[in-house]
Amino acid sequence: MELLQLLFGGIANGCIYGLVALGFVLIYKASEGVNFAQGDMMMLGAFIALGLGNSDQLGLPFGLAVILAMVLMGGVGWGIERVVVRQIFGQPQFALVILTIALGFVLRFVAGSIWGYTPLVLETPFTGKNLQLGGIVLGVADLVTILVTAVLTIGLWAFFAFTRVGLAAQAASQNQMAAYIVGVPVMRVNGLIWGLSGAVATVAGVMYASKGAIDPNIGLLGIKAFAAAVIGGMGSLPGALLGGLLIGVVEPIAGRYAPGEFAAMAPYIIMLVVLVTKPSGLFSQMQAKKV
Amino acid sequence: MSLLKAEDIAVHFGGVKAVDGVSFEVDEGEVFAIIGPNGAGKSTIFNLISRIYTMTRGKITFDGTDITRLPSHKVAPLGIARTFQNIELFDHSTVLQNLLMGRHTHRSTNFVEDILFLPKVRREEREHRKRVEEVIEFLELEAYRGKMIAGLPYGVRKVVEIGRALAMGPKLILLDEPASGLSVEESQEVAFWIEDMRRDMGLTVLMVEHDMKLVSAVADRVLAVNNGRPLALGTPAEVQSDPHVQAAYLGTPEEDAA
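Going down the list, the protein sequences come from chains A and V.
In terms of full-length UniProt numbering, the first sequence is residues 1 to 291.
In terms of full-length UniProt numbering, the second sequence is residues 1 to 258.
One should not assume that every hint holds.
[To be verified] 25 Å max Cα-Cα, derived SDA-like pairs, lysine to any residue:
(1) V:17 - V:169
(2) V:130 - A:143
(3) A:129 - A:143
(4) V:5 - V:221
(5) V:5 - V:77
(6) V:120 - A:157
(7) V:130 - A:90
(8) V:17 - V:246
(9) V:5 - V:148
(10) V:171 - A:278
(11) V:171 - V:117
(12) V:74 - A:129
(13) V:147 - A:164
(14) V:17 - V:230
(15) V:5 - V:74
(16) V:130 - A:164
(17) V:130 - V:117
(18) V:74 - V:169
(19) V:74 - A:86
(20) V:59 - V:29
(21) V:120 - A:160
(22) V:120 - A:156
(23) V:74 - A:278
(24) V:130 - A:278
(25) V:147 - V:169
(26) A:278 - V:169
(27) V:147 - A:165
(28) V:171 - A:185
(29) V:74 - V:97
It is worth saying that the hints were derived from the structure and are not from the lab.
Only a predicted model underlies this, so the values are computations on that prediction, with no experimental measurement involved.
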């Protein structure tokens, strides 16, 4: 029973890692590089939702606040691509890494100077509510997180598999030159993907904030999500989600049954093991397509 | 009537004059070949037409539209398709997916319609699939339809790239060394396809090619270039017997004598 309880919490946490990891994968597909500001975009998204929705701030209804925050963060993501990332087009991948690390600091500073560094709580309709099922306590926030993650993943999958824009984005990520030749506006598509990743980061941020207080440093969770994306194979959306779930589930179980600080190390140990045994990740694009 | 018109086009990379004052016109329904030694600027001319490079000077007009300053993704919708010397395909996709991607600019459905998979989307999808199947049949790619590009042999990938260009339903197709790296039989097949493209599909073909046998077999007119400058323009026989062209390929007799 205790294991089931841990498993449930782990899956809910893993969903958040997975959502941030989805952001990593999106950007990796669009710009062929890693966006280390992904965690900070999540943080900013959560704060914007808080700023719009909390009763002592703008006090908008929760749903409206979240949707507005997604739209705003979509704009932030699009703007980052437009103003910053596009300038280093054609530079080595490393340039994007350094640039996004710096960007992360900027976003943290921006959030810190608006909302301060003391932890704040996002007011949601489901914060602190629980359901009893058998012997386990199910947090409503956890249930919502799992549900939202499932819906969002299916939505993204459908977007990439079926829509004209999604197919264009996939094409551009595989071969930019070829994409141009068949008429794909590669730059515009990349901007759109950055916007999408901003919106996804906001969802992750809101889900994270529904379970506890937030401060401008919660973006460091992005490192764990990055490990999840690497475990999943960087280029694979379902891989990212599963990588997140794996880390999410292992953490609490290791915390309960393994000694000392092992839980904090577990995500990175898994990442190392995966990198050594399957360097291209558990669900690398190559393998996923072979099926 | 000329479909493509290049007037005094030039592109300089720093001090290197990759293309320097080339003019030519490709007539509708014509097979036009550009030949020249390695580094003569042939592929660069293609890259100017597909707007991957921006011209230093000159003007290119296609079907009455000035494309000199057009963004490169707007070239395809005008009806210009191309292949690359080094093959640019979507490697982690199947042959069918690559060809369907060629239909991109012909898709008119929007995001919401796509997600809802409306009858309009289905109708359009069937039409694209039909066009792609015609190309598959024409190039005899049936056996590879569901195969990933990454695992295919070089010769097949070359054909798939021609297929993607054809699936785009262009008016003008640019073929960058379609026979390079192919066996004698395969390059004969390419010659037949080029003939059919012109005759049955009404396409205009502009090709860069080293294989003079292929050029002589299919091209109506040939432009020879060297060091970014035009050398000769005429029928394959005329160009081949041009003293400047022979000098460019073999070295000048005067130099040898000296």
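Here's how the hints hold up against the structure:
Taking the CA atoms of residue 17 of chain V and residue 169 of chain V, the gap is near 34 Å; set against the 25 Å cutoff, the hint is violated. For a cut-off of 25 Å, the pair hint linking residue 130 of chain V to residue 143 of chain A is broken: about 45 Å separates their Cα positions. With a CA separation close to 11 Å, the supplied pair residue 129 of chain A and residue 143 of chain A stays within the 25 Å bound. A C-alpha spacing of about 14 Å is found between residue 5 of chain V and residue 221 of chain V, which places the hinted pair at or below 25 Å, so the restraint holds.
Our distance criterion of 25 Å between C-alpha atoms is met by residue 5 of chain V and residue 77 of chain V, whose separation comes to about 18 Å. Restraint check: the Cα-Cα separation between residue 120 of chain V and residue 157 of chain A comes to about 21 Å, which is no more than 25 Å; the hinted pair holds. Between residue 130 of chain V and residue 90 of chain A the CA atoms are separated by roughly 38 Å; this puts the pair beyond 25 Å, and the hint is violated. Under the criterion of a C-alpha separation no larger than 25 Å, the hint pairing residue 17 of chain V with residue 246 of chain V is consistent with the structure, at around 22 Å.
About 38 Å separates the Cα atoms of residue 5 of chain V and residue 148 of chain V, which puts this hinted pair outside 25 Å; it is violated. A threshold of 25 Å between alpha carbons decides the hint, and for residue 171 of chain V with residue 278 of chain A the separation of about 47 Å lies outside it, so the pair is violated. Using a Cα cut-off of 25 Å, the hinted pair residue 171 of chain V and residue 117 of chain V is violated, with the two alpha carbons roughly 30 Å apart. Annotation: proposed proximity of residue 74 of chain V to residue 129 of chain A is violated, straight-line Cα distance about 54 Å (limit 25 Å).
The hinted pair formed by residue 147 of chain V and residue 164 of chain A meets the criterion: a straight-line CA distance of about 22 Å does not exceed 25 Å. A hinted pair counts as satisfied when its Cα atoms are at most 25 Å apart, and residue 17 of chain V with residue 230 of chain V qualifies at roughly 13 Å. Taken as a hint, the residue 5 of chain V and residue 74 of chain V pair is honoured in the structure, with Cα atoms around 18 Å apart against an allowance of 25 Å. For the suggested pair residue 130 of chain V and residue 164 of chain A, the alpha carbons sit about 18 Å apart, so the restraint of at most 25 Å is met.
Straight-line distance between C-alpha atoms of residue 130 of chain V and residue 117 of chain V comes to about 18 Å, which keeps the hinted pair within the 25 Å bound. Restraint check for residue 74 of chain V and residue 169 of chain V: satisfied, since their Cα atoms lie roughly 15 Å apart, inside the 25 Å limit. Restraint check: the Cα-Cα separation between residue 74 of chain V and residue 86 of chain A comes to about 20 Å, which is no more than 25 Å; the hinted pair holds. Straight-line distance between C-alpha atoms of residue 59 of chain V and residue 29 of chain V comes to about 22 Å, which keeps the hinted pair within the 25 Å bound.
Straight-line distance between C-alpha atoms of residue 120 of chain V and residue 160 of chain A comes to about 19 Å, which keeps the hinted pair within the 25 Å bound. Among the hinted pairs, residue 120 of chain V with residue 156 of chain A is consistent with the structure: their alpha-carbon atoms are about 22 Å apart, no more than 25 Å. Restraint check: the Cα-Cα separation between residue 74 of chain V and residue 278 of chain A comes to about 41 Å, which exceeds 25 Å; the hinted pair is violated. In summary, the hint linking residue 130 of chain V to residue 278 of chain A is not supported, as the alpha carbons are separated by about 40 Å, beyond the 25 Å threshold.
Under the criterion of a C-alpha separation no larger than 25 Å, the hint pairing residue 147 of chain V with residue 169 of chain V is consistent with the structure, at around 23 Å. About 42 Å separates the Cα atoms of residue 278 of chain A and residue 169 of chain V, which puts this hinted pair outside 25 Å; it is violated. For the given pair, residue 147 of chain V sits about 24 Å from residue 165 of chain A by alpha-carbon distance, which is consistent with the 25 Å threshold. A threshold of 25 Å between alpha carbons decides the hint, and for residue 171 of chain V with residue 185 of chain A the separation of about 21 Å falls inside it, so the pair holds.
Between the alpha carbons of residue 74 of chain V and residue 97 of chain V the distance comes to roughly 21 Å, so the proposed pair stays at or under 25 Å and holds.
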